[in-house]
Amino acid sequence: MPVEITKRDYSLVGLDTAAAIASGLSAAQWYACPIPRKNLKELMKRSDGPAIRDTAIWLSALVTSGVLGYLTWGTWWAVPCFIVYGVLYGSASDSRWHECGHGTPFKTRWMNDAVYHIASFMLLHEPTVWRWSHTRHHTDTIIVGRDPEIAAPRPPDIPGILLDIFTLKRGAKAFRNIIIHAVGRLTAEEETFIPEMERWKVFLVARIYVAIYAAVIAACFLTRSILPAMYIGLPSFYGGFFTLFFGLTQHAGLSEDVLDHRLNSRTVMMNPIFRFIYWNMNYHVEHHMFPMVPYHALPKLHAAIKADCPPPYPSCWAAYREIIPTLLRQVKDPTYYVVRTLPSSAKAVPYNHETRFVTAS
Amino acid sequence: MSVAWVDACAADDVDEEDVLRFDHGGRTFAIYRNEDDEYFATDGLCTHEKVHLADGLVLGDIIECPKHNGRFNYKTGVAKGAPACVNLKTYPVKVEGGRVLLQI
Numbered sequence: 001m002p003v004e005i006t007k008r009d010y011s012l013v014g015l016d017t018a019a020a021i022a023s024g025l026s027a028a029q030w031y032a033c034p035i036p037r038k039n040l041k042e043l044m045k046r047s048d049g050p051a052i053r054d055t056a057i058w059l060s061a062l063v064t065s066g067v068l069g070y071l072t073w074g075t076w077w078a079v080p081c082f083i084v085y086g087v088l089y090g091s092a093s094d095s096r097w098h099e100c101g102h103g104t105p106f107k108t109r110w111m112n113d114a115v116y117h118i119a120s121f122m123l124l125h126e127p128t129v130w131r132w133s134h135t136r137h138h139t140d141t142i143i144v145g146r147d148p149e150i151a152a153p154r155p156p157d158i159p160g161i162l163l164d165i166f167t168l169k170r171g172a173k174a175f176r177n178i179i180i181h182a183v184g185r186l187t188a189e190e191e192t193f194i195p196e197m198e199r200w201k202v203f204l205v206a207r208i209y210v211a212i213y214a215a216v217i218a219a220c221f222l223t224r225s226i227l228p229a230m231y232i233g234l235p236s237f238y239g240g241f242f243t244l245f246f247g248l249t250q251h252a253g254l255s256e257d258v259l260d261h262r263l264n265s266r267t268v269m270m271n272p273i274f275r276f277i278y279w280n281m282n283y284h285v286e287h288h289m290f291p292m293v294p295y296h297a298l299p300k301l302h303a304a305i306k307a308d309c310p311p312p313y314p315s316c317w318a319a320y321r322e323i324i325p326t327l328l329r330q331v332k333d334p335t336y337y338v339v340r341t342l343p344s345s346a347k348a349v350p351y352n353h354e355t356r357f358v359t360a361s
Numbered sequence: 001m002s003v004a005w006v007d008a009c010a011a012d013d014v015d016e017e018d019v020l021r022f023d024h025g026g027r028t029f030a031i032y033r034n035e036d037d038e039y040f041a042t043d044g045l046c047t048h049e050k051v052h053l054a055d056g057l058v059l060g061d062i063i064e065c066p067k068h069n070g071r072f073n074y075k076t077g078v079a080k081g082a083p084a085c086v087n088l089k090t091y092p093v094k095v096e097g098g099r100v101l102l103q104i
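Heads up: the protein sequence lines correspond to chains R and D, in order. Under this note's numbering, think of the first position of the first sequence as 1, with each following residue one higher. Under this note's numbering, think of the first position of the second sequence as 1, with each following residue one higher.
In isolation and in its complexed conformation, chain R is listed as follows (with noise of 0.2 Å):
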């Protein structure tokens, strides 16, 4: 007799999050490739040295775009200028809020502070909800059921992936939980996630979050103008694809449900201008397998274990080469996915080692 495939259940509260606790695939062991402890030290060798470098480089040429938009402001020019401004606020803060949620970019703990809330009120990321989700999206990245941050679920929805390039739909949801928090509750997939003693940091941000937009949606009003509304807010949107296409590369089209980093992040080759908007996320096996790992120190963590993991992919290009067709194809058949080919030199693969499969019923 056939076997109906169903579809999966990718929230946080349904009938695959049992299963996958059931499998023992929540709070699992994953394979870690082999890196002598000392080695490991220097790579997890915190300094503030780059990430301030980097940082005065970032909010510079934020300013300085800002202001050359607001001096052509009614020009064409202003086109350029706004196009850098978006994307320095919109795209270049993904990778800030998540290096600095993990506390690794720079040696001083403020400093990690103050970039992670400047950059998640740029990306419309509340900062405790979101530190608590990628906190379970390290703990069971692309298990489905329990991480709260798969970007393409299976079967993928495309037409919610094209409204991204400008965050419409990334928008809309986050600036829904806002109203949501801002009076005064989570919502159920959130509250599997954020402690209670953690929950009125939520609350108390979302309305910090609604009185900046409220004083820039007047601004404009007595300004007579959308331009406030081109320095805080809109940059959020019209300045976001390359959050969209750099986040896709992490892990769409690959495996689920799989103890092993290798087998469900990509690692692409970026050139340097992507690298810096990017922080360095290009590394994304490196980055998941060792989480403290500053963004500076990746490439030389990619050296250490590139001989235990898959190839990396060349380019950007290389890597939408697989990431489109698969979308598409898994759009018909939920159950494709590219599968990583480990190197014959990678040592036996322990991934899955205690994990019973239990299907969701």
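None of these hints come from the bench; they were simulated from the model. Check each hint, because a few of them may be wrong.
[To be verified] Below are the SDA-like pairs computed for lysine to any residue, each with C-alpha atoms no more than 25 Å apart in a straight line: (1) LYS38/R - GLY98/D; (2) LYS50/D - THR192/R; (3) LYS38/R - TYR39/D; (4) LYS80/D - LEU40/R; (5) LYS201/R - CYS220/R; (6) LYS41/R - GLU38/D; (7) LYS300/R - GLU16/D; (8) LYS75/D - ILE62/D; (9) LYS50/D - LEU43/R; (10) LYS201/R - GLU189/R; (11) LYS80/D - LYS300/R; (12) LYS80/D - TRP110/R; (13) LYS75/D - LEU40/R; (14) LYS80/D - LYS173/R; (15) LYS94/D - ASP36/D.
[Unchecked claim] One side of the interface only, derived from the structure: several residues of chain D facing chain R at Cβ under 7 Å: (16) GLU49; (17) HIS52; (18) LEU57; (19) PRO66; (20) ASN69; (21) PRO83.
[Said to hold, decoys possible] Listing some non-contacts, in silico: residues in chain R with all C-beta distances to chain D over 12 Å: (22) TYR70; (23) PHE175; (24) PHE237; (25) PRO272.
These numbers come from a predicted model, not from an experiment. Quick reminder that beta carbons are idealized off the backbone N, C-alpha and C, glycines included.
Since chain R is already given, all that's left is putting chain D on it; use the hints.
Okay, now just chain D, sitting in the frame of chain R:
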């Protein structure tokens, strides 16, 4: 109640400003050595998600969990912020004859 001192490792097994895993009696511990050559011990697993702290990073008096950046003061066991919300248990340590002993 009797006090048991357990021989954990040689003092030199733990590098300066580093941490070492020690398993005993079905339990796991983390032994720390700071820059002043003092030794400390805590439970070995992060109170957030049971990750071995010995794979983490020692920064001054702080041990950072290798998985989610949960931070603890390893001298007191106090959790220093999300996602670590529950304190670590600490254990008395002494060094005798070049050996690190834990009272557990």
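Assertion that PHE175/R lies outside the chain D interface [Cβ separation over 12 Å]: 24 Å, holds
Interface hint compliance - GLU49/D to chain R, C-beta minimum distance less than 7 Å: 6 Å, holds
Agreement of LYS201/R and CYS220/R with the hint, judged by alpha carbon distance not exceeding 25 Å: 29 Å, violated
Given as non-interface: TYR70/R, partner chain D, CB spacing beyond 12 Å: 38 Å, holds
Proposed proximity, GLU189/R with LYS201/R (alpha carbon, max 25 Å): Status holds; Cα separation ~17 Å.
Given pair status - LYS300/R, LYS80/D, alpha carbons within 25 Å: 29 Å, violated
Cβ separation check - PHE237/R to all of chain D, threshold 12 Å: It holds; PHE237/R is separated from chain D by about 29 Å at its closest Cβ, greater than 12 Å.
Assertion that PRO272/R lies farther than 12 Å from chain D (Cβ): 27 Å, holds
Distance restraint between LYS80/D and TRP110/R, which requires alpha-carbon spacing of 25 Å or less: This hinted pair holds, its Cα atoms lying about 13 Å apart.
Hint consistency between LYS41/R and GLU38/D [alpha-carbon to alpha-carbon, up to 25 Å]: Status holds; Cα separation ~20 Å.
Hint consistency between LYS50/D and LEU43/R [alpha-carbon to alpha-carbon, up to 25 Å]: 23 Å, holds
LYS300/R paired with GLU16/D [C-alpha distance capped at 25 Å]: 24 Å, holds
Hints 5, 11, 14, 17 from the list above are not met by this structure, while the remaining hints are.
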